[in-house]
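The primary structure of each chain is shown beneath.
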Amino acid sequence: MMDRLSIVQKTVVSIFLAGMMLLVVVPLLFFSTVAFSNATEMSEFPKNLFPFFNVTVLVEAADDGQYEIFYDSGEGYESIITTGKADKLEKHFRRQYSVTVSGEQLLEDFARTQTEGPQEFTYKKDVFYNFKQFFNIVPNAASALKNSIIVSLLTILISLSIGSLAGYAMARFSFKGKSQFNVAMLIVRMFPVVGISIPMAVMLIKMGLYDTLLGLALLYSVPNIALTAWITNSIFIGINQELEEASMVFGAGRFQTFMRVTLPLAFPALAASSMYSFLTAWNDTISALILTNENQTLALVVYKAIGTTSSGIQYAAAGSIVLILPALVFTFIIRKYIGQMWGGVEL
Amino acid sequence: MSYLEIKELQKRYTSSGPLIVNDMNLLINKGEFIVFLGPSGCGKTTTIRMISGLEEVTGGDIMIEGQSILDKKPKDRGVSMIFQSYAIWPHMTVFDNIAYPLKLQKVSKEETKKRVEAAAAATDIQGLLKRYPAQMSGGQRQRVAVSRAIVVEPKIFLMDEPLSNLDAKLRVSMRTELKNIHNKLGATSIFVTHDQAEAMSLADRIVIMYKGKIEQIGTPMEVYQDSATRFVAEFIGTPPTNFFMTTIERDGGGLRAMNEFFRYQVPKSLVSALTPYLGQKVEMGVRPEFISISPEMARTEGYLADVEIHFVEPQGSHSILILDMGGNEIKIHTSRYMDIQAGTKISINVKEERVMFFDCDTGVRVK
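These protein sequences, in sequence, are chains A and B.
Taking the numbering used here, the leading residue of the first sequence gets 1, the next gets one more, and so forth.
Taking the numbering used here, the leading residue of the second sequence gets 1001, the next gets one more, and so forth.
No lab work stands behind these hints: they were computed from the structure.
We put the beta carbon where it would ideally sit given N, CA and C, even for glycine.
Label pairs and their calculated CB-CB ranges:
1. 1039/B x 162/A: 41 to 47 angstroms
2. 1106/B x 128/A: 50 to 56 angstroms
3. 1138/B x 128/A: 57 to 63 angstroms
In silico DSS-like pairs for lysine-lysine, Cα to Cα no more than 30 angstroms straight-line:
4. 1114/B x 1030/B
5. 336/A x 1130/B
6. 304/A x 47/A
7. 1367/B x 1268/B
8. 1073/B x 1184/B
9. 176/A x 1073/B
10. 176/A x 1211/B
11. 1007/B x 1213/B
12. 1130/B x 1155/B
This is chain B alone, in the form it adopts within the complex (with noise of 0.2 angstroms):
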């Protein structure tokens, strides 16, 4: 059985209103991480906010051991929640910040004091436990938020954007210190962000939504290399998967996405997956690390059209080279030719046969 059940679950803010989020299902397991992402508006906190009770629900059920905490208020659905704004309390010290819900809770005065200084610990903030927020900084004030919401003991952590308040490099570092906290209390936890990266380095599995609906659930590896719809593949990676509008025509036994610049062989496992769209569009989508590049005429396996490199974009580590294919802006990233000079004319090739396809009308993947 799972920890915490989602099923079929629905928000409309107002009656007529659209769908905020459209028939969502999920499943998770206890001690997992699970980081909500998508762009801003598909609905990702409006769904945690409904799981804390802060946001009523429209449609569906939310069970956590199997019972459903729909009738429950938020304080009796044993969930605990860091917010954008670390909502910290600006008139209490951080001590009485910590101990809010233990005073609630009725604890006892010796065990409130313990509980909130190995909470403070857990987060290295025992030195602050006197001060008032205003007197801290912004790194401070999360790590706050964090010793409270691991305070109460919950069942379910939910996080909605805590780190996107904070500056870039104390970003990265908060992260790991979430991620080790995580590991550490082995707590169930479900955190929100629009931010790739982050969802990338702190997930078990990645649920990508976008206008209400999950695109896809998996580990970061899979929503990356195995993209279940064009919005994934295009919303994930920097920079994004590279997009062709081909045609698919027969080629001798097998078949060809051809479109004014190039004809590529797709590939065998592809052919009967795509045999139905003979003669009909699709989108076809090559990740830029899998765009290999070659001396202009060289024709390789996986050819696919000469072009000329617009820009280069060095990275330290590797280089995006920028081509222009008829208005379509393509991107290589490359390792190999980090020193290339724009103007150039090259072969550009799609590697290893790491091609995706789409139909065109649902985004839905074709394989």
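If we strip away everything but chain A, and leave its shape as in the complex, we get (with noise of 0.2 angstroms):
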């Protein structure tokens, strides 16, 4: 039963959840305009909240066939370039304001100009420039996405199938020195990725596994396999073994009976693991550098791209978005399991 609020109770915790709601809400919104702006709205000042979808341009009928492109940043038209070579006027649209119109076809927009004096044109921005310019700029980027996808599902698989093993092991058998293997597993989270990834280096060096995504997923496995196991034990202890014990009773060899009771009994809590696993795996990036040469994440690069350039920051920002969906989808996909797990289900 929920108590009800008085109305200034009710105020304040409105206005506490609106402020909240902002420091989540707005810096998510302006990074994704920054994703979506062209390069003349990224020296504007103030930015918009919103990203537009066109660009407005004044134009004027110059001598010579050339025209004067004016542009509204804020304080009026300015004069921002006069040309009337249709290659230069193309490569100025779309670079600056990523419209992709042929130049033929705005010197035959700009032509009315010539007669009726000067008029405003309106052209559509090419929504998604940020992203191709980003695979442009970035020449590894598609292969650091496919390596990222890589690497997190070697990372899930490998943390998933030995974590939770030993998750099963530690919940049904006793044996010698249970405890200290799950303090031992806990300090093992403990350790910063980063910590490890010089000794890691060196071992997978000698191992032939440098610079390879089974590598960097064997890496980022330490601390989650001990993170699943830790999820899972509390899971399988959750399990009443009696209802291991009735399938066998009732039908069911050993593999039948985890494979039709015990794992879908446990499946919130492996939902839960891998998005951990995944989440690991998918934003990292200083282990990355660490280890990987040639076989870089998408992390990685779009954090490169980020510390490299000064003036493309809004490809670097459509590169994170590439970075953040899948991160998103995937935890949606997975929220209602976690959700079940740790909203008290009977078991």
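Using the hints, build the complex out of the two chains.
Okay, structure coming up:
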């Protein structure tokens, strides 16, 4: 039964929640606006909160068949460029306004101004221009995306298969040094991945796994095996052993019991663990920086793009969106199982 | 030939640990309803888990229809089990729960449907087949567990305290229903419980276990009226048997059992059995309903002593009188003097020579 709030309490709570929302939403919104902005918008101040999808320019006919282009970046129209060459116009519109219209087309449109005087023209922005540009500027971005997916899947596979078995063993069997083992795993989890990157790099070089996706996945699996073991351990303890025994009495072998009874019941825990593993692998940059050379991951590539450009921030932002989307999608798919796990469902 | 035979069965959990089940021997006939009764930790659950194959056997043998089942996996033993927690799989509907064993046996779909419906009808849950266990009450889950157990048509039903999670009223009605189902199917059943009322009302024969050993095997009447050991006499019956430490002495031609409060003339039928105990201590046990009371100083047959009533516990149909004999609490079951007051002085007598003597060291009945 929820307590009813008085009007004052309601107001305070609403303000508080609204403040929290702003803290979370505004940076995200701003960030995605940047990802959809063209170069001219990037230099505007104050920035727009929402991205525009159209660009309007004022065109006036000049001498010798040239045109003067004016653009309004908040303080009235300013002259930007005067040219009559198709290729120059095309380049200018593409680079500055993210408008991909051919130069001949532009000249044809502007021809009206010679008879009718200065006019405003509105063009549609190429919404995904920054994204295309990101993959153009950063030549290995596409392969980095592929690498990231592979490394994440490998990490999930390794940590789930080893971690859940460890969790099952800890839940179902008693053995010497079990509590020490438990604590040891927690300690492994406490190490920052960076901390073990250097020794891991040495080991991986010796094993011939340096700069391979498998090597990277192994590194990410180290803390996640421990985490998975912890999460699944508590779930397996929560699964009444009689449920498994009943399955064995009623006709199933051990393996069938595991597949038909234990696994479905432990699914929320596995889903939650896989999310953690995925996020570790997907978001890491520093370990990838140390452990890879050719086979970089997307997070690393985006990081480098942001760190090395001063003018192309919007492309890096587009890259970041590419980086965030899979993580978002994955988390939303997994969400309902995590709710099940921490929602106190009786097993 | 008996249907199920347990031969010198032993169980240890660790190689140097104590014997949880200690040389157990038992023959069970086809169609019998056997109850394993005993306090917790007596090895009764371990025994049926060994029969089901969930627990490994340390020594001895278990045979069904003359064949050892020790090498068989649980699923191949032809047993079905009802668990204490019901063990209904929460991620399956009731139908899938009951159909699970049939699916694994690759029974055809139509036949599965037919058999599941029949099993559900037997426990009156036809309307719940599409539900999930989380949407059902404890009693309904229990019925699902029973349906699942009968759908496989097992050689032996094993029930591990199946009623202990139900509330008192439901327990009694489920008890009657289980017995009904057993009678209808005529299946051989082994039922584990620590509740003697459950054991008495269900069993054809009760196996009373204590510390891994069988104390007595008998019909409910036998174990009550003719307890084989002190443990059985104490464990069976509410209130339990009253015990008096006595010394056997010669009394003319016969014997008497005496202590500081009374001297009791030993019935003639027991004289020869008790003669070897002359001068030694034996424990005398009398069930609460076999102690009669009479007004003080009225010496009747079987007179024991004059005592003051400490408490009266009225039960409606009868009353329990509680007396104190030198720190030893004596309980008397009476339906004649139900409105007697605490503080009244009375004489207590043993009715109809219904007295039992037990060896002090072994606890075995002397008779």
